[in-house]
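Peer 1: Sequences listed follow chains A and B, in order.
Here the first sequence is numbered in this note's numbering, starting from 1 and rising by one per residue.
Here the second sequence is numbered in this note's numbering, starting from 1 and rising by one per residue.
Just so you know, these hints were derived from the structure itself, not from any lab.
A couple of the hints might just be wrong.
What the hints assert, rightly or not - Cut-off 27 Å, straight-line C-alpha distance, at most; resulting in silico cross-link-like pairs (DSS-like, lysine-lysine):
(1) Lys43(A) x Lys26(A)
(2) Lys62(A) x Lys134(A)
(3) Lys127(A) x Lys127(B)
(4) Lys26(A) x Lys169(A)
(5) Lys277(A) x Lys277(B)
(6) Lys164(A) x Lys20(A)
Protein chains: 2
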Amino acid sequence: MIQTPYLLFLGDAPDQLAAKVAQGIKDWRPENAVGQFRMEGCKADLGLEDMDLVEAREAGAKTLVIGVANRGGVISPEWKKVLVMALEEGFDLASGLHNLLRDEPDLVAVAEACGRELHDVRVPEVKYPIANGKKRTGKRCLAVGTDCSVGKMYTALAMDAEMKKRGLKSSFRATGQTGILITGDGVPLDAVIADFMAGSIEWLTPDNDNDHWDMIEGQGSLFHVSYSGVTMALIHGGQPDALILCHEPTRETMRGLPEYTLPTLEELRDMALPLAKVANPACQVVGISINTQHMSEEDALSYLAEVEKRIGLPAVDPFRQGAGRLVEALDAI
Amino acid sequence: MIQTPYLLFLGDAPDQLAAKVAQGIKDWRPENAVGQFRMEGCKADLGLEDMDLVEAREAGAKTLVIGVANRGGVISPEWKKVLVMALEEGFDLASGLHNLLRDEPDLVAVAEACGRELHDVRVPEVKYPIANGKKRTGKRCLAVGTDCSVGKMYTALAMDAEMKKRGLKSSFRATGQTGILITGDGVPLDAVIADFMAGSIEWLTPDNDNDHWDMIEGQGSLFHVSYSGVTMALIHGGQPDALILCHEPTRETMRGLPEYTLPTLEELRDMALPLAKVANPACQVVGISINTQHMSEEDALSYLAEVEKRIGLPAVDPFRQGAGRLVEALDAI
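Please construct the entire structure, taking both the sequences and the accompanying hints into account.
Peer 2: Printed below as a string of structure tokens:
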């Protein structure tokens, strides 16, 4: 569990896109983002107050979150200087970088001397149980995709935000690095050992109030042969009551698999639902979330209308239209 | 890769069943089993020559394999004495115990001093790639089950043995501890990190001759919510051309999941085949392997006949009847 709120470290980000983790935190958990820390040459700007370490501490920030991708996969000496100062100033550090904080002996030594924590969110910090399949109280919704990176995390975050806005009980349950940094907690599922995958998701989504929804972040796709086992563990560990189908209509081949084409939404529905019913016979497919970022407004709206008519479920792009209709579909079951 | 042949360590096994790993090696790879090592009070006997360490070395044994379950999950001082002597005598050690050899400082020190290897087959020794889904040459068969522990490993071993007897090209590909100890090689799939599961199976079953079959050891079940992600990775990483359905007809609930009943063979077929076709559109279900150990001969034969008629595929118990008809079904595709 990462201590909030955060000071967002943007480093020397070469452009806005490099700071997309920080952007996600600011967009989805603005209350966690006290300010931004930018180094010389930083080309990203979240529109937050620029703060030095002392100012951020005074403003209440507890953790410096590396919200930017590093170049070349290494933590540069310039970054290192700031990270060491942050530890000395009393911040914990949190990072989703491949280059782990714990693999830097100087950071480990300073953190220990200062009594601070290093959080590498790519590495599980919990000994997860083996799944027991027992029915849990409360409700769960899982986004499943025709491919990886089609908007499953965005969909779950948008639905969670909309539910909270409406006064409904909802928790976004992070299963990947970005989601964990946004919320401060979660399971880095792709780094969990095979036998404990489904159990880690049971652990993440425990018994809850009958009218509470866990909005579980999806991973991979049943149709993506590299990661389908991870998706399977989410479907059985998550015991979803509701599935949302996610799709990106302009993509021609599966991400990273040029020999594989995407399935249709119907194929996704017909594959995912029987599998979900193994763990929860009451599971239903309730809506469709389409990522239309590469389509014009006109094309997007006509595509959504066509899908909605064809499949008979609400079909929206939550980025363009909000997640209201998906939340209403959840509320109806 | 574990050096063969083996001396099989039976320790102070309380009964024959406790030595089932050693029994598997002797049954399936008798050429790997030079002899057995029994301590005082050992109640198991494989019918192999009893040897001390020196005799076994002279007979060519290279690795002492712990072919017995340990009591209480710890390596006892009595065992330890033998294991240390074996290292000093020039043996590598191999074990599938939960209590890892590498977690015993004295064994590690002696192994290092003697230049010997400690193989904990529960722990991956290879850095596996992420699956790329590319079509590989050669053919692959995977056993999938209605539940865990219904005879998938036995089926693959029996088919592999039958194919070799007929002069066909076949390799048994181990994906669990027992299978790895039997063959000396394989992937301990349940201990692999989620992102690399499917890639580890691609690694295990590489390009091969067009008329060569990999007989892949199955794990878990698509219907077993604790382990279904592991099964999924086998189906997509293995790219099977042929599936064998495995079932144990007298079992009432899923292993370790008292709230879950077993699916029918038809439900297994209809779930597994579309998933397998994602990675290999030519995949077929070719046969059915039934574990009838808890049925009388008469009941078993009538059950097999009924299943065969109902599903329209050869249905056999390879333990009672041999795997000939399953091999013929493979050969026909």
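Peer 1: Hint by hint, where does the structure go against what was stated? Just the numbers, ascending.
Peer 2: Hint 2 alone not satisfied by this model.
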